[in-house]
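**Q** One letter stands for each residue in the lines below.
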Amino acid sequence: MSSTVMTYAQAAALALAQTMEKDPTVVALGEDLGRGGVFGQYRGADGAPLAQRFGADRVIDTPISESTIVGAAVGMALAGCTPVVELRVVDFALCAIDEIVNQAAKNRYMFGGQGRVPMVMRMPIGIWSSSAAQHSQSLEAWFAHIPGLVVVAPSTPADNHGLLLAALQSGDPVVYMEHKELWGTQGPVTPGAVVPLGQARVVREGADVTLVSWSRQVQACAQAAEQLAAQGVQAELIDLRTLWPWDKETVLASVARTGRLLVVHEAVQVAGFGAEIAATVAEHTAARVARLGAPRIPVGYAPGLEAESRIGADKIAAAVLRLIER
Amino acid sequence: MIDLLSLYRTMVRIRAFEDAAEAASQGGVSWGGAATGGGEVRVKGPLHLSTGQEAVAAGVCAHLHPTDLLTSTHRGHGHTLAKGADTTRMMCELFGRAPGTNGGKGGSMHIADFSVGMLGANGVVAAGLPIAVGAAQGLKIRKLDAIAVCFFGDGAINRGPFMEALNWAGVYQLPVLFVCEDNRISATTDSSAMTAGPGASARAAAMGIAAMQVDGTDVQAVSDAAAQLIADIRAGHGPRLLHALTDRHKGHVSVDPATYRKPEDVAAALARDGIARARARLVEQGQGAQAEQIERAAKAEIDAAVATASAAPAPDPSAAFTDIQTIGAGVWA
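Chains as they are written, first to last, in the numbering used here: chain A, 425 to 750; chain B, 7 to 339.
Keep in mind that the hints were calculated from the coordinates and are not lab data.
Model, not experiment: these values are computed from the prediction.
Please note that the accuracy of each hint is not assured.
Stretch by stretch, here's where chain B covers chain A in the computed footprint (C-beta under 8 Å, at least three residues) [unchecked claim]:
#, region
1, 485 to 491
2, 495 to 504
3, 537 to 548
4, 568 to 576
5, 587 to 596
6, 696 to 703
Note that the Cβ used here is the ideal one computed from N, Cα and C, for glycine as well.
Whole structure, please, built from the sequences with the hints as guidance.
**A** Here it is as C-alpha cells:
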C-alpha cells in the first residue's frame with residue numbers, strides 16, 4: 425500500500441481505528457475521548473471523533489478517575505478485551521501509579537501466568553506550550569524500571585502508526601509515550617505498516633560519534649548532526665523508538681564503529697534512561713560515553729525558565745564536541 | 007434459597023483451611039517482619055486469615071457461577087475457596103510450591119484461580135475495586151452473561167479507588183456486586199476512629215447504588231441478601247453493594263497477637279461465631295449428623311492438602327524469569 429502524508433496524531437488514530445475495525449474486543453477509554461481527545465488524537469482522517477464511528481461503548485468517555493481508568497482497563501483485559509487507555513499527560517499517570525506498577529505490570533507474574541493484561545497506556549510526555557511543571561515531564565525512566573512493562577516513545581508519524589499497531593498486537597501492558605510537541609508533525613505513513621517493538625532506526629549514518637535519542641529529541645539531534653557535519657564531524661543518529669526492550673545490538677554495533685556515544689533525552693539527566701544506555705555501552709565496549717538531559721529542575725512556566733529545561737541542537741552539538749575533545 | 011448445609015460446608019472448609027495455614031505459619035514472619043523462631047515454617051510470608059469472616063465468602067459465592075469474575079483482598083483465602091478453587095493447589099501456593107495455583111509466585115496475598123473466575127487476592131487495599139468494575143465492563147462489552155464481584159474491607163472505603171470505582175459502576179450501570187466485609191478494624195486501628203459518616207452502604211447510597219446491610223456472621227442472612235442483590239444485577243439493574251458486618255477473630259496478620267483489641271470485644275466476636283451458630287441451627291433442624299460428616303470431610307480434605315503441599319516440589323529457580331512479559335522479558339541483568 426502506498427504512503428499518505430498525515431500528522432503524528434492522525435497516524436495513531438488510524439492505527440487505532442484499523443485495529444478496532446478488525447477486533448471488536450479493542451476499546452479505548454479516557455477523559456474527553458468522546459470529543460476526539462484533548463489533542464484530537466481520537467479523530468479520524470475526516471476529523472470526526474472515533475466515538476461516532478465505533479460508539480460510546482468502545483470509545484469510552486470516562487470520569488476524571490485515573491486510578492480507575494487504568495484499574496478498569498486491567499479488569500477489561502482480564503475479561504478478554506484489549507483496552508487503550510488515555511491518560512492525557514504522563515504527569516496524570518502518576519495518579520494511577522499503583523494500577524500501572526502493582527496491578528497491570530505485576531498481574532501476569534504474581535498470578536503465575538494465569539492471565540495476560542494486553543493494554544496500551546498512552547501518556548503523552550514532554551515540554552509543550554508553557555505548560556509548566558505538572559504538564560511537561562518526560563518520565564520514561566520510571567516505567568522502563570518496572571518488570572512487566574513495555575515502553576515506547578515514537579518520534580515520527582510513521583512510527584506512531586506502526587508502533588501503536590505493534591503495541592496493540594503485543595499482548596503486554598505497554599506504556600506508550602507520545603510527545604505533545606509532535607502532534608502536528610507531518611510525515612509519510614503507510615497504513616497498516618507495523619513497526620516491530622524493540623527495533624531502533626538508524627536515522628543517519630556517521631563514523632565519528634553515535635547519538636542515541638528518542639521522541640522529540642530525535643529532531644534536535646538531527647539538527648545537531650547537520651551542524652556537526654558542517655564542522656567535519658560525522659554523527660550517526662539512532663532513534664531508539666522502544667525504550668524497553670531497547671535495541672542494544674544496534675547501539676553496540678554503532679558504537680563499535682564510532683567509539684563514542686552521546687545519549688540525549690528531554691527528561692532530567694539524573695537517573696534518566698540515558699544512564700542505563702551509557703552504562704551498558706561502557707560495560708560492553710571501551711567507548712567514551714556521555715549523557716545529555718535536562719538539568720534537575722522542574723519545568724518552569726515563563727519562556728525563559730522553560731528554555732532552561734530544553735535540549736536544543738546547539739547544546740547537543742557542543743556536547744558532542746566536548747566528547748570528541750575529551 | 008441455598009441449603010444451609012451447603013453454606014455450612016463452605017464455611018467449615020474455609021475455617022479448616024485457615025486453621026491449617028495458621029499452624030503451618032507458626033514461627034514465621036511476625037507483624038513487623040521479625041522472625042519469631044522455632045520449628046519448620048512452611049508458610050513463610052505474611053498470612054492474613056479470614057477466620058471469623060467465613061459466612062460472607064460462603065453466603066455470596068454460593069450465588070456465583072464459574073464464569074462470574076471475582077476480585078479479592080489480602081485476606082482472600084475464603085473467597086478463593088468459596089469460588090471453587092482446589093484447596094490442595096491453594097495450600098501448595100501458601101507453601102510456595104510449584105503445583106500451587108500461582109506456581110509459587112504469589113503466595114497468600116496473591117492467591118488466585120483464574121480457571122474458576124477468581125482473578126486474585128491483592129496486596130494493595132482497595133486495588134480490587136477498579137479491576138472488578140473493569141471486568142464487569144469487559145463482560146458487558148463482550149456481551150457475556152456474567153457478573154463481577156468485588157470483596158473489600160472497611161479500611162478500603164477510605165481509599166480513593168473505592169469512591170472512583172463506585173462512581174464508575176454507577177455511571178456505566180455495570181453488572182458488579184461490591185461486598186464490604188466490615189470487620190471494624192483497619193489493619194490494627196479501630197475503623198470508626200478513621201472513618202467519617204456511617205460507612206460503606208451510606209457512601210454507596212450517596213452515589214445512587216442500592217445497598218443492603220446484613221449481619222455478616224449469619225450465613226443465611228448473607229446468602230439471602232446476596233441472592234436478591236445478584237438477581238437484580240443479573241437482571242440488568244446495575245451495580246449493588248452488600249455491607250456485611252463481620253468479625254475478624256485473628257490479628258491483622260497471622261503472628262499479630264492483636265493486643266490492641268479489647269478482650270471483651272474479642273470475646274463477643276467469638277460468642278457470635280457464624281460457624282457455631284449455623285451448626286446450632288443445623289442441630290435444631292435435626293441435621294447434626296450431616297454437620298459432623300461435613301466437619302470430618304473438611305478435616306480430611308485439608309489434612310490431605312497439607313500433606314500434599316508439604317511433599318510438593320519447590321518451583322525451579324528458572325521460573326523467576328518466566329511469565330513477566332512477552333516483549334522484552336527479563337533477559338538483561
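**Q** Are the hints correct? Go through all of them and say.
**A** Outcome of the hint check:
Here's how the region 485 to 491 of chain A fares: 4 of its residues keep a CB closer than 8 Å to some CB of chain B, so the rule of at least three is met and the hint holds. Coverage of a stretch by a chain is defined here by at least three residues with a beta carbon nearer than 8 Å to that chain's beta carbons; for the region 495 to 504 of chain A and chain B the count is 10, and the condition holds. Evaluation of the coverage hint for the region 537 to 548 of chain A: fulfilled, as 3 residues show C-beta separations to chain B shorter than 8 Å, against a requirement of three. Note: the region 568 to 576 of chain A has 4 residues with beta-carbon separation from chain B under 8 Å; the three-residue rule is met and the coverage holds.
For the region 587 to 596 of chain A, the proposed coverage by chain B is satisfied: 3 residues have a C-beta within less than 8 Å of a C-beta in that chain, meeting the threshold of three. Given a C-beta distance limit of less than 8 Å, the hint that chain B covers the region 696 to 703 of chain A is violated, as 0 residues qualify and 3 are needed.
When each numbered hint is compared with the structure, a violation occurs for hint 6 only.
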